[in-house]
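Based on the sequences and whatever the hints tell you, model everything.
If you're matching them up, the sequences are chains R and Y in order. Read in the working numbering, the first sequence has 91 at position 91, and its numbers run on one by one without any break. Read in the working numbering, the second sequence has 98 at position 98, and its numbers run on one by one without any break.
Keep in mind the hints are simulated off the structure, nothing from the lab. If a hint is listed, it holds; no wrong ones were tucked in.
Just the calculated beta-carbon pair ranges, DEER-fashion: (1) R:3 x Y:102: 25 to 33 Å; (2) Y:39 x R:154: 19 to 27 Å; (3) Y:177 x R:214: 37 to 45 Å; (4) R:58 x Y:312: 36 to 44 Å; (5) R:206 x Y:57: 31 to 39 Å; (6) Y:112 x R:18: 40 to 48 Å; (7) Y:183 x R:173: 38 to 46 Å.
The C-beta atom is built at its ideal place from N, Cα and C for all residues, glycine as well.
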Amino acid sequence: MEPDPRPSLAVWKFASCDGCQLTLLDCEDELLPLTDRVRITHFLEMSSAEDSREPATLAGTGPYDLSLVEGSITTVEDVRRIHHIRRISRRLVTIGACATAGGIQALRNFADVEEFRAAVYASPEYIATLDTSTPISAQVPVDFELRGCPIDRGQLLEVLTAFLAGRKPNISSHSVCFECKRRGTTCITVAQGVPCLGPVTHAGCGALCPAYGRGCYGCFGPMATPNLEAMVRELRHDGMTERDIVRVFRTFNAASPEYGPVPGLAAQEAPGTPAEEGPR
Amino acid sequence: MSASTLPPAGGAVIGTDGLAALVDVLRARGYTVVGPTVRDGAIVLQELESAAQLPYGWGVDLEAGRYRLRSRTDGAAFANAAGPQSWKTFLHPARVRQWTAERAGGELVIEADDTAPPRFAFLGVRSCDLRAIAVQDRVLTAGPHSDPVYRGRRSGAFLVAVECTEPGGTCFCVSMGTGPAAGPGYDLVLTELVDDEGHRFWIRADSTEGAEILAELPGEPASEAVRRSAVDAVGSAAERMGRTMPDTDLRRLMAETLEAPRWDDVASRCLTCGNCTMVCPTCFCTTTEDVTDLTGDHAERWRVWDVCFDLDFSYLPGGPVRASPRSRYRQWLTHKLGTWHDQFGSSGCVGCGRCIVWCPVAIDITEEAAALHDWTRRTEDEPR
Ligand code: SF4
Ligand code: SF4
Ligand code: SF4
Ligand code: SF4
Numbered sequence: 001m002e003p004d005p006r007p008s009l010a011v012w013k014f015a016s017c018d019g020c021q022l023t024l025l026d027c028e029d030e031l032l033p034l035t036d037r038v039r040i041t042h043f044l045e046m047s048s049a050e051d052s053r054e055p056a057t058l059a060g061t062g063p064y065d066l067s068l069v070e071g072s073i074t075t076v077e078d079v080r081r082i083h084h085i086r087r088i089s090r091r092l093v094t095i096g097a098c099a100t101a102g103g104i105q106a107l108r109n110f111a112d113v114e115e116f117r118a119a120v121y122a123s124p125e126y127i128a129t130l131d132t133s134t135p136i137s138a139q140v141p142v143d144f145e146l147r148g149c150p151i152d153r154g155q156l157l158e159v160l161t162a163f164l165a166g167r168k169p170n171i172s173s174h175s176v177c178f179e180c181k182r183r184g185t186t187c188i189t190v191a192q193g194v195p196c197l198g199p200v201t202h203a204g205c206g207a208l209c210p211a212y213g214r215g216c217y218g219c220f221g222p223m224a225t226p227n228l229e230a231m232v233r234e235l236r237h238d239g240m241t242e243r244d245i246v247r248v249f250r251t252f253n254a255a256s257p258e259y260g261p262v263p264g265l266a267a268q269e270a271p272g273t274p275a276e277e278g279p280r
Numbered sequence: 001m002s003a004s005t006l007p008p009a010g011g012a013v014i015g016t017d018g019l020a021a022l023v024d025v026l027r028a029r030g031y032t033v034v035g036p037t038v039r040d041g042a043i044v045l046q047e048l049e050s051a052a053q054l055p056y057g058w059g060v061d062l063e064a065g066r067y068r069l070r071s072r073t074d075g076a077a078f079a080n081a082a083g084p085q086s087w088k089t090f091l092h093p094a095r096v097r098q099w100t101a102e103r104a105g106g107e108l109v110i111e112a113d114d115t116a117p118p119r120f121a122f123l124g125v126r127s128c129d130l131r132a133i134a135v136q137d138r139v140l141t142a143g144p145h146s147d148p149v150y151r152g153r154r155s156g157a158f159l160v161a162v163e164c165t166e167p168g169g170t171c172f173c174v175s176m177g178t179g180p181a182a183g184p185g186y187d188l189v190l191t192e193l194v195d196d197e198g199h200r201f202w203i204r205a206d207s208t209e210g211a212e213i214l215a216e217l218p219g220e221p222a223s224e225a226v227r228r229s230a231v232d233a234v235g236s237a238a239e240r241m242g243r244t245m246p247d248t249d250l251r252r253l254m255a256e257t258l259e260a261p262r263w264d265d266v267a268s269r270c271l272t273c274g275n276c277t278m279v280c281p282t283c284f285c286t287t288t289e290d291v292t293d294l295t296g297d298h299a300e301r302w303r304v305w306d307v308c309f310d311l312d313f314s315y316l317p318g319g320p321v322r323a324s325p326r327s328r329y330r331q332w333l334t335h336k337l338g339t340w341h342d343q344f345g346s347s348g349c350v351g352c353g354r355c356i357v358w359c360p361v362a363i364d365i366t367e368e369a370a371a372l373h374d375w376t377r378r379t380e381d382e383p384r
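Structure, rendered in structure tokens:
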């Protein structure tokens, strides 16, 4: 039998909601052409078999030409598994805010995990977890990071197509403002006074939220050179309280080091306790 | 303008019915008429089906980082200033496909994208924007490599200018010598008057087709009184500019202040978000993106707006040349006010004020230039 010339693709899940993996299945029209070009070898969301061997294991056998990794590292077992996956993958691309920045679950990094565990689980003694949620790049070298919560379908296809063509993906790291201006959306901060994280947020969504009159809340995480001090001053000017400001950054990309200058971001506080209101 | 000077002769006076007829005549001649209209809390530019879509009764309050619509009791259509877009949206679009390539049976076929652009008629080109179009004409078509996309859209365009009678709080065309009276380059020009005599427009032609179209509109020859009122309205606008540039040789100022501490100060405020450059009617920079499909048998090249605030803009092997926000803001300001002269023989700024309004953190080009100017004066005073 001729060897299969198609590169092999594996999709992995760590601590995450599955939304980014589903973006791959959501490629509908492109899914069949994609399977002509790549061999989807390991993708539990799609098939419980690995290369038609039942059942696939959580760690896979490999080797894989391209691994897409969703989710963050939150357990000792995750650490072991990601090192294994890196070893058996030629290229490793993270998909989404969890894998790239630690995800919403990285809020634990600012809090006492013991307290969470006791509050959430009936039998906390069965839960083995790390104190932090970290991005994949904190554990192993990553070839490319695709941002978004969830990722954009078009950008995922661009990454896959670029991989197949052996070229760099066209993924810009400038602000969401570029996308508003290119599509002709009138700036909602300037024309309506709506607070918006667009100026510090990584492009990629096509400036979705502002096109519907709502401020960007940063689901793609920080752009290449975000000026957080200036952004925070602007958010105050647009009427956000200190508490709202901390909250808007404490979402899917909360643990991004670029967000460090946001005052009070990493301060431990009981969820929901209002901070002091700052000056406008 | 002193009362004894005679206003320029000629032209006609038309009413709002005449303006409606102008849109109809242009459309009947096959033009895609683009003009101002209210959408999403701003006066934007878009294709107009009739003059009824013009922003009758809307004014604007403009400040650094702030744009608000305001209703006007006089019903004027053009008593407002530059909006979020400029005509470059149509002449030098944000995204253009340049070519496509197909691979079939080992053959690569490349096909240029030369779809015929619409023939535009721009209604309501303000004096500053008329100058901005002239600047882009020079940049994009006067050199050895004329840009076919711009040329194709520009060469067939019909320009209806409008003189400003109500400058915005961020306008400074007087400082830049670009307004509020319209300079050359239009086919027709309008000056709007709303007073006891009614709502009228003094309209003049400056091209053969402009004169032909003017002859088709319902109106009458402009009396001296009308012409005088129009000239006075524009003259009074010149005295109500919201901003001014420092009265100095800006080109020299830029060359002399490259190491001024002010650049660090502005960099601490600047978000490097790129809004100022993208709203600027003269900024012309683009990048190219090559896209392939999954099969690898189909490729396309797209040209998209890019600006000097983007880190990738100066990316060379080894990294971006302008990595710091300081160097990127300095590139923008020194190009607009300084090195543009060396490259294209004019200023790159026409004083429209857009970069001031649409900067989310209210950074003001006139204030930055003034601060640099103050710095040179202070350092001159210091003993050496
Ligand atoms: S505008 Fe902001 S919050 Fe909305 S989808 Fe885009 S990146 Fe996410
Ligand atoms: S630099 Fe600013 S004021 Fe000058 S033309 Fe550009 S947008 Fe208008
Ligand atoms: S200021 Fe920047 S974006 Fe504008 S024309 Fe100059 S280099 Fe290009
Ligand atoms: S000057 Fe203002 S609009 Fe321009 S890049 Fe800086 S923050 Fe953005």
